[in-house]
Amino acid sequence: MTGAAERSRIADPDLAPGGHRAIDWARRHSPVLDGFVRRMVDDDSLRGRRVAIVVHLEAKTAFLATVLADAGAHVVVAGSNPWTTRDDVAAALVERGIEVHSSRRSSTEVWESDLMAVADTEPELIIDDGAELTVRISRDRPDLYSRLQGVSEETTTGVARLRQLEEAGRLPMPAIAANDAACKHMFDNRYGTGQSTIQAILQLTNRRLPGMRVVIVGYGWVGRGIATYVHNLGGRVIVVELDPVKALEAHSDGHEVSGLRGALSGADLVITATGGMRAIGQTHFDSIAPHAMLANAGHHDLEIDVPALEAVASSSEEIRPGVTRYQLDGDRPVFVLSGGALVNIAGGLGHPIEIMDLSFSVQAMGCHLLARGGLPAGVHPFPLELDHEIAIAKLESRGITLDRPDPTQRDTLGGLLDLTVDGGEDE
Amino acid sequence: MNDTGRGMIDFARQFMPALETATTTVREAGRLEGRRVGVALTLEPKTACLVEAVASLGAEVAVFGSGHSTKGDVVEALTGSGVSVFAEEGAAPDRVAELRDRFIDTRPEYLCDDGATIVRRMHGERRDVLADLRGVAEETTSGVRPLRVMEAEGALMVPCVAVNDARTKILFDNVYGTGQSVVMAVLDATNMQMSGKVVVVLGYGMVGKGIASAARALGARVTVTEIEPVQALAAFHDGMRVGRLSEAVCDADFVFTATGVGHSLTAHHVTDMKDGAVIAVGGAGPPEFDPSIGPDLTESGEVRPKVRSYETAAGKTVFVVADGYCANTSAGEGNPIEIMDLSLALQLRALDFLAMGDLSPGVHLLPRHIEDEVALSQLEAVGIQIDQPTQDQIRAAKSW
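Chains as they are written, first to last, in the working numbering: chain S, 753 to 1179; chain G, 565 to 964.
These aren't lab readings, by the way, just hints derived from the structure by calculation. Don't be surprised by glycine CBs; every beta carbon is placed ideally from N, CA and C. Mixed in with the good hints there might be a few duds.
Within a straight-line C-alpha distance of at most 20 angstroms, the following computed DMTMM-like cross-link-like pairs (lysine to aspartate or glutamate) qualify [stated by the list, open to error]:
1) 880(G) x 866(G)
2) 838(G) x 786(S)
3) 838(G) x 1148(S)
4) 838(G) x 776(S)
5) 880(G) x 776(S)
6) 838(G) x 854(G)
7) 880(G) x 786(S)
8) 761(G) x 1148(S)
9) 838(G) x 811(G)
10) 838(G) x 817(G)
11) 880(G) x 839(G)
Short derived list, chain G residues pointing at chain S, Cβ under 8 angstroms [stated by the list, open to error]:
12) 568
13) 572
14) 575
15) 579
16) 755
17) 760
18) 867
19) 897
20) 901
21) 902
Same shape as in the complex, but just chain G:
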């Protein structure tokens, strides 16, 4: 019995009122009882609360977590509680691959996926278990993207709910959760000061917007680089400097990538950076920062925990946090509890929505009433009441 992991799970649960409400709602529906559910999200205390909630509904739960973001204390706390755990903190890639396949061997009917990692494998080398899969709830922007590509190509064989795209998720998790926790994780890893620093943020999607505003809140001067004109204009209106990446990186103290797309930042850019610049990823992880493209970069060791140095041919040194994995989960504890309360409540509601069995193969959004119910459950828990429209307002809104 590991007390640290158990304590952390219990601490988190106290600040997850929306998950509690969702658990009650889904229990009353009774659709997940006896079902095989796989959870392949970052395995830390909040996810453990979801896992235990699903198990409490009478489902058979299997859990998978990657090597770089799994918290060992949580694995220990979950092990032996009737949940099958396929995760080890710090596991090497080979071992992670083995654990992943053993997780897939449990033949989940419903799956909470992160980055569409598992569902893609089940449409590829592990088609043997695809027939049992009835639905997938996808957590991230980086996972919804390939699912939409699969759908467009006619390759997607199961209904998938884009939990990521729910307003109650993307407006909070991606902006406040990832934005703030990525910046904080980098400061924790480096012991550096943020005020007065020049920060470059690649990508002004929801995560990039969150990173940029957290860095600015801490006193940094922020430049945003974008390829989408509308996003760039949004950054401009938020008071950020906007410029081209090749120029912006030259005087950056910190460079955060938040594109969710591979090869966004490469050794070409590193060559132009200042000596001592710090690189961190807030998006999808490798190869979002790809040191293999461009002039030679030599990895020169871990200078402190979670910080590795690279040397350019010209003798400059830059530092990469958490080996280019998403910094908040790899160098920290991930998104704040109350943020994951929303996201994981939506995950649970999505599993239930999928279990209704009405959806065809393809990518689906969560219905608006579910987004609203989850938002309301957290508002109520913090003692906030909101107004209802009057009949006059409803009539006015529907008239032309």
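Next up, chain S with everything else stripped away, as it sits in the complex:
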């Protein structure tokens, strides 16, 4: 390919050397993407296909882009968030002949125009995050939207948006719910967010976790992961849930379960992981203990209603990089980390590479499946057999092989039920 540099919009091409090193490091820790996936997608089904990747643009994402490009796809990349792009990685991708439209801390307008620039390359296939590109194309480029051949979606939020489109009769192409793959949400949402959220909070604040009273709002995959890491590292977990079954699960896992107000009044650290908005809002500020720190691990930057906090605070100041102190009632300071944005990405390095190796393997295989064609329009689950193959490839990269089931281990008592109709069951 020629002319990637001319077509791209990045901050500074001279930053490429640092970006290459970061991508090479990501490759080293991505054995599934670099092995199993590379072999599987190298069947010419991606050759010459236009693929758009709109995911947080850093080294791991960049490595995914290079794997698809190596399989012959024409890849175009933009960041799924105006704040998280790594400019050195973007520059390195351009040097590798991949078109990029993204720069760190761009304005919302510039970010929107970057997404439209990606749309203008008329992608056939999209690897999306939060369905950000898909939703915009459906709204602003109806002609192009009708020609899209598939979308593979990274997040819980994006899958929900695609299902809304489907229900409204406005999803004319197949979409893969990559998020719902076991190799994605069981690891990315739980271990990835769990480790990296705690890591980012400790790095941002230099505080001590043992003995800390940590309130976790929401006990889905993300909340569960965070609770496990906090507990294991010596923190005291208090879970807040609205869903009674999840609350019971938290209780059975040995965590204290409490209402939000009571929990906030004794908190040293509050982490939101609800996936909704305003989990902590106007009506809760009175209950927050002095010196408590608030951080968000969920999708929405508004899980903690920072604008409302700003409005009631008598003053606010960024007292350490990424740590803003809000004075409430004159003398009750509370601290918000990374402005309420996803703390592990905005205040840290994002997920560990090995986790994204799994998530992006799912995305790459989803994209490959769509490229091969044959799927009807609508949201599809990620095929179970591919989930298994990815898990096996990861285990093998760690030197682990699995036993096969022995025929004598099968439950034969099912025969007593006399449900056999035509005896067609195989071994």
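With chain S held as given, fit chain G onto it using these hints.
This is chain G only, laid out in the frame that chain S set:
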């Protein structure tokens, strides 16, 4: 005026109640007023809180920090506040040596030392200032060791307090502080996942125990190597795998040294490691990991900030975090604030204890009541009350 450094110092101070209490206690005693105090600890925001506390007592304070662990923002914030600062972030070894000697030139009467770096120099090439030195508070295991050797050889000319050995220090700073922050600093430097990894920890002292338990808490499978049978048995009882270093390193993803002793891990071991293994030091720094002993290892550049690669003759690559300096202070911000609250409160109490002037040259422990007072001051600050023994219990405990 540097706002970042000032903000970080002010943020830290809010979570250092024990240091605040100790400052009040020492101020009432009045012994440090007008004294020349040297602080040669890792120069970051928490240490700055100690420095400012000592200065607030009316002492003349000089500060020294090494090149690899000094935080420039903090230097800027302290400079111009009446404290003499001899530290520059990233200073080369020659420059650090020059700064160190200028720090020694301030002729400190009382010294907070780290690794006995300064006090050893004052017993060697800089004996010219030794006459002014009245006492030393030593922060680390790695510093107390040579002080005890000096004492045994009759070479130690000043009273030294082994702050490191206080229970309120070693049970928390070394285990939770260093253990957790070393592991976190390595994850921050590498962006790697810990769960499912094979981790080898050299040494099961307080730091090794902390590293091993933090790694396990994050999902790693941990093998401990030891030369002390009792420590090895302790690791076994904590559920760690225990084995010989030469075998354990073969399948390690991460190798942490926590021995505090030079040449603990060498190129001999690296040769047997897996391609891609990551090496980090949680102990004393170079030459705890010594790449110069054994088969040739070729340094092949910085692959990302704070991570350098080495190639073996067989073409394997291993990665070393923070050039083998203690990873938490060199690749991170050091121990957590609340942990250093305890350690630095003890440092301040140790300076005051030394200033009472009752101690002979040698290595001394802090009295138990000081350990207890510092522990109680933090417990009270987090709202925890504990019981007192009843008269019956006291009688029972004293009977036979």
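These are the hints, each one checked on the structure:
| no. | hint | result |
| --- | --- | --- |
| 1 | 880(G) x 866(G) | holds (16 angstroms) |
| 2 | 838(G) x 786(S) | holds (19 angstroms) |
| 3 | 838(G) x 1148(S) | holds (15 angstroms) |
| 4 | 838(G) x 776(S) | holds (18 angstroms) |
| 5 | 880(G) x 776(S) | holds (16 angstroms) |
| 6 | 838(G) x 854(G) | holds (18 angstroms) |
| 7 | 880(G) x 786(S) | holds (19 angstroms) |
| 8 | 761(G) x 1148(S) | holds (14 angstroms) |
| 9 | 838(G) x 811(G) | holds (12 angstroms) |
| 10 | 838(G) x 817(G) | holds (7 angstroms) |
| 11 | 880(G) x 839(G) | holds (5 angstroms) |
| 12 | 568 | holds (7 angstroms) |
| 13 | 572 | holds (5 angstroms) |
| 14 | 575 | holds (5 angstroms) |
| 15 | 579 | holds (7 angstroms) |
| 16 | 755 | holds (5 angstroms) |
| 17 | 760 | holds (7 angstroms) |
| 18 | 867 | holds (6 angstroms) |
| 19 | 897 | holds (5 angstroms) |
| 20 | 901 | holds (5 angstroms) |
| 21 | 902 | holds (4 angstroms) |
The structure fails none of the hints (numbered hints given earlier).
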